[in-house]
Amino acid sequence: MTDLGELYQQVILDHNRSPRNFKRLESANRRAEGNNPLCGDRIQLYVELDERGDTIRDIGFQMPQGSGCAISKASASLMTEAVRGKSVAEAETLFAAFRDMLAGGATAAGKLAAFSGVRAFPSRIKCANLAWHALHAALQNDSAPVSTESAKDF
Amino acid sequence: MLDTKRIRADFPILARKENGQRLVYLDNAATSQKPRRVLDAIAHYYTEHNANVHRGAYALAVEATDAYEAARTAVAEFVNAWTRAGVVFTRGTTEAINLVAGSWGRDNVQRGDTVVVTAMDHHSNIVPWQILCQEKGATLRMVEITADGRIDLADFGRALEAKPKLVAFPYVSNSLGTVNPAGQLTRLAHAAGAVTVVDGAQSSPHLRVDVRAIGCDFYALSGHKMLAPMGSGALIAKPELLEAMPPYHGGGEMIERVWDDRSTWNKIPHKFEGGTPNVEAAVGLAAAIAYLEQIGLDKVAEHEQELAHVAIERLTQIEGVTVYGPRDHRAGVVPFTFGDVHPHDLATILDRDGVCIRAGHHCTQPLMRRLGVAATARASFYIYNDVDDIDVLVTAVRKAGELFGVLAS
Chain Y
0 MTDLGELYQQ
10 VILDHNRSPR
20 NFKRLESANR
30 RAEGNNPLCG
40 DRIQLYVELD
50 ERGDTIRDIG
60 FQMPQGSGCA
70 ISKASASLMT
80 EAVRGKSVAE
90 AETLFAAFRD
100 MLAGGATAAG
110 KLAAFSGVRA
120 FPSRIKCANL
130 AWHALHAALQ
140 NDSAPVSTES
150 AKDF
Chain D
0 MLDTKRIRAD
10 FPILARKENG
20 QRLVYLDNAA
30 TSQKPRRVLD
40 AIAHYYTEHN
50 ANVHRGAYAL
60 AVEATDAYEA
70 ARTAVAEFVN
80 AWTRAGVVFT
90 RGTTEAINLV
100 AGSWGRDNVQ
110 RGDTVVVTAM
120 DHHSNIVPWQ
130 ILCQEKGATL
140 RMVEITADGR
150 IDLADFGRAL
160 EAKPKLVAFP
170 YVSNSLGTVN
180 PAGQLTRLAH
190 AAGAVTVVDG
200 AQSSPHLRVD
210 VRAIGCDFYA
220 LSGHKMLAPM
230 GSGALIAKPE
240 LLEAMPPYHG
250 GGEMIERVWD
260 DRSTWNKIPH
270 KFEGGTPNVE
280 AAVGLAAAIA
290 YLEQIGLDKV
300 AEHEQELAHV
310 AIERLTQIEG
320 VTVYGPRDHR
330 AGVVPFTFGD
340 VHPHDLATIL
350 DRDGVCIRAG
360 HHCTQPLMRR
370 LGVAATARAS
380 FYIYNDVDDI
390 DVLVTAVRKA
400 GELFGVLAS
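If you read the sequences in order, they're chains Y and D. For the first sequence, numbering that gives the first Met the number 0 gives the first residue as 0, with consecutive numbering after it. For the second sequence, numbering that gives the first Met the number 0 gives the first residue as 0, with consecutive numbering after it.
Simulated from the structure, these hints should not be mistaken for laboratory data. Heads up, a few of these hints could be off.
Covered stretches of chain Y (in silico footprint by chain D; criterion: 3 or more residues with CB under 8 Å from a CB of chain D, positions within the stretch not fixed) [said to hold, decoys possible]: (1) 3-12; (2) 18-28; (3) 60-69.
For each residue, glycine too, the CB sits at the ideal point set by N, CA and C.
Model the full structure from these sequences, guided by the hints.
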């Protein structure tokens, strides 16, 4: 069970059970949808940027009942915590670091390091990345739904 | 029960490890493993008889043609086809159904017509009909299922009131394991004047199929789910229907004469086999049929039903597990969910114990919507599985429950 313990670290299990910022944000001025057609995972992401469009003032996400695995749900939850209050540029930097970690690079800072165990499970990397790609699309103001099967760099 | 120890010895891949554990392969509804006999038949074909078929004037080409056509005879006998000319080799069930839609459908379905499918069909028996109906301005009618996962016969009857041109359904559901009353459905559809297409992807590997007893018009099968190589499969059809149908793919082999501006067609089944066929796949399929016949399809069905019965009983003893599909009239396919544990997580956790199951929508999204789930976990059995495999499965499911805090550890 040791390698499973690496994948399903306590912080991931906790955020899966009680996801943070699990809400539909009425004040959102950016939205994005992410789909993983292989396993049916779906995420709706809501972002509220400040008037100048620089800072993430609030963020929330929803996953239709039963449509998020532990990895994708915990990743979305931890992402919202990590980027809330951050500038758009800082959020993009976190995304780059997170993606780099899953691609075999350095372990990301803070709680996001909990996902370093996903590296050993190639079939689950897309689950961990889904919310971040949705965030990227929202920040780019790209209204087209994000799919794990269409983005080249998932 | 079958002598699984002896059978396992015939499958080289079952000797490998999965994450350091004995490989417990329970994803047979997706594809089966291949016995040495099939692997040897393919190697033997390439080392002894390889040439292009049907046109050579030399001994080697005659041997290749003989091997290919002998495989056709084997498939015809396997499902009790009307005639061996009514066996068209395809890449699998998907291509066989697309052939019917693209040839018979394009020729016979018109604006305002209705085509009927069921809510438990695989995407490969839905999407080709959607494409056809959209192209023709026809209506696609999806028959509902009952709460316990059978085709709703009352709704089936209502769908037939529209006098559909064609009715398509699966003999065995890949996502529920339901064994449908194929003969009865065919008689009802015929009485309404429809042609019937039976998706046999999940029935051909697991039970004795007699297409003449079913009485259907078209029957599609895949070789790779029944011990044969990927890329093997067949459409079995009533010869008079094939005779009347326009070609599907244009190319070599399917023609009789080619003029500058038009052509005439070869006789069936060659009219539907344009281009160099996958002879290796056909040869492998014949070897797989011989292997299955040696065991006996009735024994295969009995073995898998027994395993499904045991699996359902043991899995439902775990608090929080829900098994889908009917309690009887089912094949060796056991779909289930486990509380809040997502099937994808379950599959990852089981894999660490060497257990391969499928998690997802199983190419049946309309069915998943009706079940009210985004995904299920699915264990599916074959001749090399036994109760030991179910023990490993159940232990691993319990372990997942403990990890996720669903079960006390």
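In rising order, the numbers of the hints this structure does not comply with: 2
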